[in-house]
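K.L.:
Single-letter residue listing:
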Amino acid sequence: MPRETMDREIRDLKDEIVLLGSMVEKNIADAMVSLKNRDVQLAREVLHRDQQVNQKRFDIETATLLVIATQQPMAHDLRLLAAILEVAGELERIGDYAKGNAKITTLLENDVLEAPILELEAMSDKAGSMMHRSVQAFVKEDEYTARALPEEDNLVDDMYKSIYRQLVECMIRKPATIDHTNYLMWAAHNLERTADRVSNICERIIFVVTGELTEVASNDDEMS
Amino acid sequence: MINLDTVKPVTTAAIETRGLDIFYGSFRAVKGVDLVVERQKITAIIGPSGCGKSTVLRTFNRMNDFIKSARVSGEVLFRGTNLYDEKVDPVEVRRLIGMVFQKPNPFPKSIYENIAWGARINGFHGNSDDLVERTLRQAALWDEVKDHLHKSAMDLSGGQQQRLCLARALAVEPEIILMDEPCSALDPIATLKIEDLMRELSQEYTIIIVTHNMQQAARASDRTAFFTMDTDRAGIMVELGETSQIFTNPRDKRTEDYITGRFG
Numbered sequence: 001m002p003r004e005t006m007d008r009e010i011r012d013l014k015d016e017i018v019l020l021g022s023m024v025e026k027n028i029a030d031a032m033v034s035l036k037n038r039d040v041q042l043a044r045e046v047l048h049r050d051q052q053v054n055q056k057r058f059d060i061e062t063a064t065l066l067v068i069a070t071q072q073p074m075a076h077d078l079r080l081l082a083a084i085l086e087v088a089g090e091l092e093r094i095g096d097y098a099k100g101n102a103k104i105t106t107l108l109e110n111d112v113l114e115a116p117i118l119e120l121e122a123m124s125d126k127a128g129s130m131m132h133r134s135v136q137a138f139v140k141e142d143e144y145t146a147r148a149l150p151e152e153d154n155l156v157d158d159m160y161k162s163i164y165r166q167l168v169e170c171m172i173r174k175p176a177t178i179d180h181t182n183y184l185m186w187a188a189h190n191l192e193r194t195a196d197r198v199s200n201i202c203e204r205i206i207f208v209v210t211g212e213l214t215e216v217a218s219n220d221d222e223m224s
Numbered sequence: 001m002i003n004l005d006t007v008k009p010v011t012t013a014a015i016e017t018r019g020l021d022i023f024y025g026s027f028r029a030v031k032g033v034d035l036v037v038e039r040q041k042i043t044a045i046i047g048p049s050g051c052g053k054s055t056v057l058r059t060f061n062r063m064n065d066f067i068k069s070a071r072v073s074g075e076v077l078f079r080g081t082n083l084y085d086e087k088v089d090p091v092e093v094r095r096l097i098g099m100v101f102q103k104p105n106p107f108p109k110s111i112y113e114n115i116a117w118g119a120r121i122n123g124f125h126g127n128s129d130d131l132v133e134r135t136l137r138q139a140a141l142w143d144e145v146k147d148h149l150h151k152s153a154m155d156l157s158g159g160q161q162q163r164l165c166l167a168r169a170l171a172v173e174p175e176i177i178l179m180d181e182p183c184s185a186l187d188p189i190a191t192l193k194i195e196d197l198m199r200e201l202s203q204e205y206t207i208i209i210v211t212h213n214m215q216q217a218a219r220a221s222d223r224t225a226f227f228t229m230d231t232d233r234a235g236i237m238v239e240l241g242e243t244s245q246i247f248t249n250p251r252d253k254r255t256e257d258y259i260t261g262r263f264g
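Protein chains in written order, with our numbering: chain U, 1 to 224; chain F, 1 to 264.
Treat the hints with caution; some may be incorrect.
One side of the interface only, derived from the structure: several residues of chain F facing chain U at Cβ under 7 Å [to be verified]:
hint : residue
1    : 80
2    : 256
3    : 260
4    : 261
Straight-line Cα separation of at most 27 Å, DSS-like style, residue types lysine-lysine; simulated pairs [as the list claims (entries may be wrong)]:
hint : chain 1 : residue 1 : chain 2 : residue 2
5    : U       : 140       : F       : 253
6    : U       : 14        : U       : 126
7    : F       : 253       : U       : 14
Covered stretches of chain F (in silico footprint by chain U; criterion: 3 or more residues with CB under 8 Å from a CB of chain U, positions within the stretch not fixed) [stated by the list, open to error]:
hint : segment
8    : 210-219
9    : 239-250
No lab work stands behind these hints: they were computed from the structure. Since this is a predicted model, take the numbers as computed values, not measurements. Note that the Cβ used here is the ideal one computed from N, Cα and C, for glycine as well.
Isolated chain U (complex conformation) (with noise of 0.2 Å):
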């Protein structure tokens, strides 16, 4: 194995995307939490954080365009190397929707929720669960669970479907709430679109086991 230190090089930036992953994850969970308990003050740890990740993701992005210019990768090295800097984009803007969601806390500021709140912190877990689940495929290089995850899109789109049906409603019955219902479907829209960059990272790794490019099952459209 001539290729040592690329191989290292490769191995850390694996590990950076590692923990890129966990502090998006931590983001989203916190930004829920923050919603769901009111917890202003953590909102704003969130929103600290997020520059946190934004900066990792930079540092992920000039690393790996070092080991391209310097190691000449080729092929199955080639492709994990292009599809580093893909996901850590993905990951970057599924951080930016927790943040998203840590800055809607801020902005209800004490008005009463009327919202499905457990539902919207179960849509939550399942996005946070999913991101989690392609990260580890990701760095496994895991062909199945790439294409097996795609599908969990669904169960998200159904649940976003129901938070913004009694979204709707509630908004009807009580026009007063308008403006904090409101936040809560961005809140719902931002975890429906977690879940769609998930599949967008499940593509990458079965280009990098692959070498082709393909769109998986979930439908990816802002409205679906």
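Position chain F against the provided structure of chain U, taking the given hints into account.
P.N.:
For chain F alone, coordinates are given in the frame of chain U:
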């Protein structure tokens, strides 16, 4: 004798081997190569040292004839004719299938004579001035040498000498140009100039290049053939495909191991 000039191409391949085995004495250096080289494309042959890539390249214009112990079996088809048919004139083969070597090897003559002399002994009766200018332009050397065409070719830089050798090969109007590690003695700038030139020439000619430099094969060729050594140390062709496919998603693990630097 078969006059290769009058034989019309019968396939889309510029040259093709079928079941090619090459022996040095009793040692089989290359075995079972079925290589189709497409017309007006740049085909790179890559592989570890000793895998027979230069040996195969030299087979295309019968340069192996100069090695006494070398023997070829199978077919090398050019314009539908087996180049190893006893009725084929090897001199004619080398005119139609020119070669540029690893180390630039201009004649110890003037720049002008390097081109005009070679063409004349190959039966050229036209205007030598025009020929020299045309081929030097084709080889992207004209602007650098036009004011001292009668100076010795040996005074040129390595990169210029290599382009002169290319111009010399072009002067006899070949169909295929073989290049055996043409840039290994050149600096990076001279190397890129040759690669740009290859790209331009491929609009008119078929180019086959043997290179140790994988980045060069990836950058400069349309198709890539990967050779390796079999367990009996004979060279074999593992995989031939579009260069973009070979370097991003090779089909054979041996190709993957070689191009990712894990073997060879």
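K.L.:
Now look at each hint and say whether the structure bears it out.
P.N.:
We went through each hint and held it up to the structure:
The interface hint given for residue 80 of chain F is violated, since its Cβ lies 36 Å from the closest Cβ of chain U, which is over the 7 Å cut-off. Interface hint status for residue 256 of chain F: upheld, as the beta-carbon distance to the closest one in chain U is roughly 5 Å, under 7 Å. Hint status for residue 260 of chain F relative to chain U: holds, with the closest Cβ pair at about 5 Å, below 7 Å. Residue-level restraint check for residue 261 of chain F holds (minimum Cβ-Cβ distance to chain U is 5 Å; threshold 7 Å).
Straight-line distance between C-alpha atoms of residue 140 of chain U and residue 253 of chain F comes to about 19 Å, which keeps the hinted pair within the 27 Å bound. Taken as a hint, the residue 14 of chain U and residue 126 of chain U pair is honoured in the structure, with Cα atoms around 24 Å apart against an allowance of 27 Å. Restraint check for residue 253 of chain F and residue 14 of chain U: satisfied, since their Cα atoms lie roughly 23 Å apart, inside the 27 Å limit. Counting residues of the segment 210-219 of chain F whose CB falls under 8 Å from any CB of chain U gives 3; the rule of at least 3 is met.
A stretch counts as covered by a chain when three or more of its residues have a beta carbon under 8 Å from one of that chain; for the segment 239-250 of chain F and chain U the count is 4, and the coverage holds.
Hint 1 from the earlier list is the only one contradicted by this structure; the remaining hints agree with it.
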